[in-house]
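Undergrad: Guided by the hints, dock chains R, Y and H onto chain D, whose structure is given.
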Amino acid sequence: MSDIFVLIEHRQGKIRDISFELLNCGRKLAEKTNSNLTALLLGYNTENFVEKIKSQAHRILVINSEVFKDFNSESYQIALSEILKKETPFITLIGHTACGMDLCPALATQMEFPFTTDCLDVDVVENKVKVTRQMYDGKLNAKLIIRENPSYLFTLRAGNFPSEESSLKTEIINIKSSVTEPDYRKFVEYIEAVAGDVDITKSDIVIGIGRGIKEQENLSMIEEFADNIGGVVACSRPIVDADWLPKDRQVGSSGKTIKPKLYIAIGISGAFQHITGMKGAETIIAINKDPNAPIFNEADYGIVDDLFKVVPVLKEKVMELK
Amino acid sequence: MKKIGVFVCHCGRNISATVNIDNVVKKIKKYPGVSFCTDNKYMCSDPGQDLIKKAIKEKKLGSVVIAACSPSLHEVTFRNNSVKAGLNPYLTEIANIREQCSWVHTNIEEATKKAINIIESIIEKIKLNESLSPVKVKVNPKVLVIGAGIAGIQTSLDVANAGHKVILIERSPSIGGRMAQLSETFPTLDCSQCILTPKMVEVSQHKNISLYTFSELEEISGNVGNFKVKIKKKASCVDNTKCTGCGICSEKCPVSVDSEFDEGLGKRKAIYSPFPQAVPNKPVIDKENCTFFLKDGKCGVCKIVCPFEAIDFNQKDEIIEKEVGAVIVATGYELYPMKNIKEYGAGKYPDVINGLQFERLLSASGPTEGEIHRPSDNKIPKRVAFISCVGSRDPEHHLPYCSKICCMYMVKHAFLYKEHVPDGEAIVFSIDTRTSGKDYEEFFTRAKEEGNILYIRGKPARIIKQGNELVIWCINTLTGKQLRVKCDMVVLSMAIVPSSGALQLAKELRIQTNSFGFFSEAHPKLRPVESLVPGFYLAGTAQSPKDIPDTVSQASGAAAKVLTLLSSDEISHSPIIATVNEELCSGCGICVETCPYDAREMDEERQIATVKEILCEGCGACISACPSGASQQRNLTDDQINNMIKVILQ
Amino acid sequence: MKDKKTLTTEINPEIRDILIEMGAEDIYKCYQCGKCTSACPWFQVEIYDYPVYKFSLETALGAVASSEDKKELDKEIDLIYRCVGCEACLEQCPHGISTPNILRAARRLLVDFDSFPETLKSIVQKTHNVGNPFGEHRENRADWAKGKNVPDYQEGMEFLYFPCCLPAYEARNQKVAQATVGILQKSNVSYGILGVQETCCGEVIRRIGAENIFAEVAKANIKAFSDSGVTKVLVTSPHCYTTFKNEYPDFGADFEVLHTTQYLSHLIETGKLKINKSFNKRVVYHDPCTLGRKNNIYEEPRNILKSIPGLEFLEVEDFNRNLSLCCGAGSGGLWLEWDKEERIVNVRLKQLMDTGAEIIAVACPYCLQMFEETIKSMDTDIQVMDIAEILFECL
Amino acid sequence: MDIIVCIKRVPQTAEAEVTIDSSGKDIEKDRLSFDINESDSYALEEAVILKEKFGGTITVISVGYQDTEDTLRIALAKGADNAIRVKAEDFEHIDGYKTSQILKSVIEKESYDLIFAGCIATDDAYSQVGVTLAELLNIPHASLVINIDTSENRADVNRELEEGLMGHLDISLPALFTIQTGINEPRYASLIAIRRAAKKEIKVIGQEEINKDNLLLNTEIEELFIPPKTKEVEILTGSPAESASKLAEIFKEKGLI
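Residue numbers (our numbering), protein chains in the order written: chain D, 6 to 327; chain R, 1429 to 2078; chain Y, 3 to 397; chain H, 879 to 1135.
Bound conformation, chain D alone (with noise of 0.2 Å):
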């Protein structure tokens, strides 16, 4: 049987938790398949990555070279391409994230592998390919048959093989690379988003304040557990009509729809209208002391409480726990 490949995604010199999250399901497919797990890793100034992956995979095959310090999906495309032609791994998984979604099709389509993207999961049964992913935003997974052949390539989506520990013995193979960026696609930068201006419908982790805060001064308490756990505040409309948050924080019918993993409600009783906005997230925690309040219908966790009480404690807490 062939191998399981991995291919290693980092960025900005660090390697992504991706990553490790497909060595864990390489790991734990070539178990199943009886094979060897394989990572690649295409980067620049390498050792310090193979230290942090050592014994996570069979072997790691090295390119080191320039070209790979920042993400190319095409450099990436022409030099993958070489060594799947060369070694016909049996299956290969690419993290679903911004850099999988660019390379998995192209890539997949110049091999002609069957491929599909965003796998919760994925199976092999007698020598069949079998994938679970989601549908129709989130409501439905639907487990997929592959069109037979000797290599596949899918990209996994986030969350679902959390990181474990290995101590596999690990062989690691430099390969020579000519590959240089080719003239049509360069990469010229990374851009960090301007400070202050956040995106509450990208951020994964949303804190959601309401009336309950009471006073504009209590709004730092609010930013500074937000900082600690990584998320952003966002707000119902009251707080917009405040003016102690721009409009573009605010959640609901004529604010923003939001679907973070997180959204901890903090003070908000819970409005239709703001409901509306919010009730997609994976999570959703409300801490307000009204036990009436309709937050609570839709909440997955709820404390019923002071929030001032509350949130010095929960901050303290996340701290120790981090």
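I should point out that these hints are in silico values taken from the structure, not numbers from a laboratory. Just so we're clear, the structure is a prediction, and the values are computed from it rather than from any experiment. We treat Cβ as the ideally placed atom computed from N, Cα and C, and that holds for glycine. Hints are supplied without guarantee of correctness; some may be wrong.
What the hints assert, rightly or not - So the derived label-pair ranges between C-beta atoms look like this:
hint: 1; chain 1: Y; residue 1: G358; chain 2: D; residue 2: E222; range: 31 to 37 Å
hint: 2; chain 1: Y; residue 1: E12; chain 2: R; residue 2: P1977; range: 44 to 50 Å
hint: 3; chain 1: Y; residue 1: R284; chain 2: H; residue 2: I1113; range: 53 to 59 Å
hint: 4; chain 1: H; residue 1: V1111; chain 2: Y; residue 2: E271; range: 41 to 47 Å
hint: 5; chain 1: H; residue 1: Q1085; chain 2: Y; residue 2: E12; range: 43 to 49 Å
Unchecked claim - Below, a list of computed lysine-lysine pairs in the DSS-like style, where the Cα atoms sit at most 30 Å apart:
hint: 6; chain 1: Y; residue 1: K308; chain 2: R; residue 2: K1776
hint: 7; chain 1: D; residue 1: K294; chain 2: Y; residue 2: K150
hint: 8; chain 1: Y; residue 1: K72; chain 2: D; residue 2: K252
hint: 9; chain 1: D; residue 1: K57; chain 2: H; residue 2: K1130
hint: 10; chain 1: D; residue 1: K261; chain 2: Y; residue 2: K342
hint: 11; chain 1: H; residue 1: K1124; chain 2: D; residue 2: K144
hint: 12; chain 1: Y; residue 1: K150; chain 2: D; residue 2: K207
hint: 13; chain 1: R; residue 1: K1935; chain 2: R; residue 2: K2040
hint: 14; chain 1: H; residue 1: K1081; chain 2: Y; residue 2: K123
hint: 15; chain 1: Y; residue 1: K73; chain 2: Y; residue 2: K123
TA: Then chains R, Y and H, alone, in the frame of chain D:
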């Protein structure tokens, strides 16, 4: 049998475009009884008429059918033409193939068929027509004028000056009407009372005018030339033969109520004369407010103070019976009720007033003696808003029509206000300003310029009281800007409606009104001062909203029409009226009950019904009611109608 | 770039004709007096100029929502969706021109071409997809009635009680539905609910312009009602009332509709409902546009309140009955939530509070929702209650 | 600048109850609203903005059933010049890969400087059609594009990466970009444009013009199922300190911190 001639008119292309005249002539020529048929482009033209005359003489025609327009237009023309050719006029009939055929159809073949049908039916009718001559009626040369505003005054004077007796009745205690209430008149700005009171005096002193104030028409019967009227003279409780009009009674009367003449802005007593120049200048007692009447004789101060013993609490309403030959209706107008305009707080806020109230404020004889003080606190209003078309031009909620005079009196109001309060501000809210009268536009321009009057195009939606001020919510539709105009007083140009009681009067007179109660003229252009019922004439705002010049013109016009009627001793009356076949009449009397004109009566001796020809209007009610077929309409007998129907249904 | 002219100089008869066909037939009656504009609630919102009087003429020119400039068009469409459909303009228009209908003609075209505010699009979709504008689950529609002994509708019952979406799903408004059934139970009225079988009446999506989906929704309800043998429907919302009574018959509906205030006032008048307790509060009544201006129901709500002992009844001077001011929730306004300086509800609340009332009595879930949300951010003790809630407290 | 925009008509499921049909492989669509896919409308708008700047034409293409023509017509009203529908009914079982192949065989006959597609379809959520199509046409691509600054033959584009970061690329034209939501504000159609669009013809292409035997299908749905999810609120009790600790633990457990 009489020889029948048929003459088909093309009426230019009015008929011939839709009706195939050649086919009509061909077909009619062959119709039994027709001995001659021809056509002409314009039968009513001189050559057309000559053609008919010639045919009557040469072909020895015994009767004539003209197939042309409606008989209401040219029946007289053609009948007179036949008379000139020696034929009785009632042996000439019109077949209406224009209004009833060519104008209302498009299919030529069908229209031609219908035209032929219509003509054939008229031929059948005329076969049984008799020679008739008009009924002559004696005319009573007296005239009744109802209402003594400027219209009634003018028309009475014109008739009286021509030498005829006039009975002028007026509901209120004095003549003068609305014009007496006005301050100045547009566009000349002469004092209303100054030009009116000479006429009022002239009326009171005219030997041919009998004036009945505080009086109403109780009943009327009869017909043009001969009406019987009953006038109710309300008890004024003052013996006018003794009263000198000294006014002590009013002075001493302890009861004070809102003055109608001052539109509620001033007070009057329970015994009162409405205004200083009132004609007659004799007070009346308002029984509804007089303590003597309300509390069973407890008061009577007036009686005590009157030096001439003129007060007579026992006076009773009096019915006066008169006979007249014609009636002129000049009942005037009143304003649409303010309380209907809730969004303006009208009737709720004292400083939202109507145009007549503002006239009283402007008037030297008014409650403020000509100074502009607003009603709520007597303050001189420094900014006054005038709002047009209040209730008018509002088909959805109020009245669809234009009240016509408001545009101009608003100009006048604003201008006069600026004269009275030079540092004040006049703002007019209007949608259009309609200045369609002689010198009106010039006055409008002058007033705006000299008076610095601000015109805002837009109809306000709300007037809200804020503290001492009124705030008008409006949009200037020319600039699109929202406005909240604060002002001290608002004058609403309320719509004009017919006087209360006009509808009831119309019913009594059996003359028509439009749906708003304005008396209907016989023809909007050609007979604007006559009603559709002979003998009744219209003057002034009873017929439609109009200003003083138009009112006076119409009043004189009505007088002229009446004088035409009175110019001979008799008038003719159509002979197309009911007749009784005495052999068939069973004397059941149903016809007597049915007749709306009191023209049928029983000959008790012979036990048959008879027709009073003078009174019969030929409406036909008795004929259809008659169970035995004894009553017949001349030249429209059952036989004729049956024959006509038969030929139409063939 | 050259300055663009903001006005279309050409008359576009095609757009005019299609708008007339879609319901703007009144346009030619307009004589541009502008009364509509100053009667409009937006006139009372300080910073907002709403040119109601222009819509007729611009429709007649075919110049509605026709700018080819993106920003101008945004403004035009914003204008078209500002109208809360309260009909204050129609109430005063000398020619009975319904500006809401003129705008609705344009809205119908815009909806078909996906050119209306996202917020409203979402409520149209939700109403279509799950039968209510909040996107709540259909199977939860009768949750408000849990534990309240509310029977399912059976043929032969006197009434179907139809609570409307807000009282069915929204926590504050659910109390109104609960109070209403409480009263019905105390007066031994035979009634039931359809629960999951009912769908939103569709009033709001029709006002938004989603005519086709409204038709679907209407037919679904009519079928559900007739399948269950419903002959009389009792509604809490004036919006359901007007839709059922005045609009459903066009889709084949044949049932009688009563608003709760009509029925409750009848129960009191005929002595079937005894009021046992007094309500010692100053209460001001707010006339909902859809109940009052559109359906002439002014007296019944007042009669109920006036029959409650101890209750001191107040009116908003100048702005009551047909001259009442809208709460701003109609025709999608509840969802659009304009910027705070641009809210009709603030103006109305001030009027209501200025009466010195302790309680604002309403008879419409939209008004209740609007006031309830707004007073929360005001420094006031005034409370909002539906008439049914007040009455229920006094039994 | 001639731009082709690939769009898709999708069921609006975000606020709907999605139910599986009797085959177990598809959803019940009767009660769902359909509309242009969200990111596709941004792609269309971006094309219109470029057309306003550089002139040229916009052609919208969609593989879909008859009702897709409604969506195409809306696109025409919003600024597209031409519209093409490929009859989905002629091609059984369509997945993202097959869609790309179909689009390729239509688009290779057209001339273009740019091709836009949405970055993800909300129904099947593949995020692959655009990039695959670029590869099939052998032109460069960029996905998740959040800003475009283009000259005649090159474009500076920003891709949206994670955590507020953007990647700036310099790409030669012709190229294909998949457009991320938020790149612009999709416009409304004016009534004039709506009337104009109502009269335009939509070109319909069927199997006779596309050899369907050569088309490959990557995936087939074996079954659809509802993901297990519980939504009963769990109230965390105790003192503020206790309840806050419990919550922090939950965050940790769920990998949220």
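Undergrad: State for each hint whether it applies.
TA: Now the hints, each set against the structure:
no.: 1; hint: Y/G358 <-> D/E222: 31 to 37 Å; in the structure: 34 Å, holds
no.: 2; hint: Y/E12 <-> R/P1977: 44 to 50 Å; in the structure: 46 Å, holds
no.: 3; hint: Y/R284 <-> H/I1113: 53 to 59 Å; in the structure: 38 Å, violated
no.: 4; hint: H/V1111 <-> Y/E271: 41 to 47 Å; in the structure: 45 Å, holds
no.: 5; hint: H/Q1085 <-> Y/E12: 43 to 49 Å; in the structure: 44 Å, holds
no.: 6; hint: Y/K308 <-> R/K1776; in the structure: 24 Å, holds
no.: 7; hint: D/K294 <-> Y/K150; in the structure: 26 Å, holds
no.: 8; hint: Y/K72 <-> D/K252; in the structure: 22 Å, holds
no.: 9; hint: D/K57 <-> H/K1130; in the structure: 23 Å, holds
no.: 10; hint: D/K261 <-> Y/K342; in the structure: 17 Å, holds
no.: 11; hint: H/K1124 <-> D/K144; in the structure: 28 Å, holds
no.: 12; hint: Y/K150 <-> D/K207; in the structure: 43 Å, violated
no.: 13; hint: R/K1935 <-> R/K2040; in the structure: 24 Å, holds
no.: 14; hint: H/K1081 <-> Y/K123; in the structure: 28 Å, holds
no.: 15; hint: Y/K73 <-> Y/K123; in the structure: 20 Å, holds
When the structure is compared with the earlier hints, violations turn up for hints 3 and 12 and for no others.
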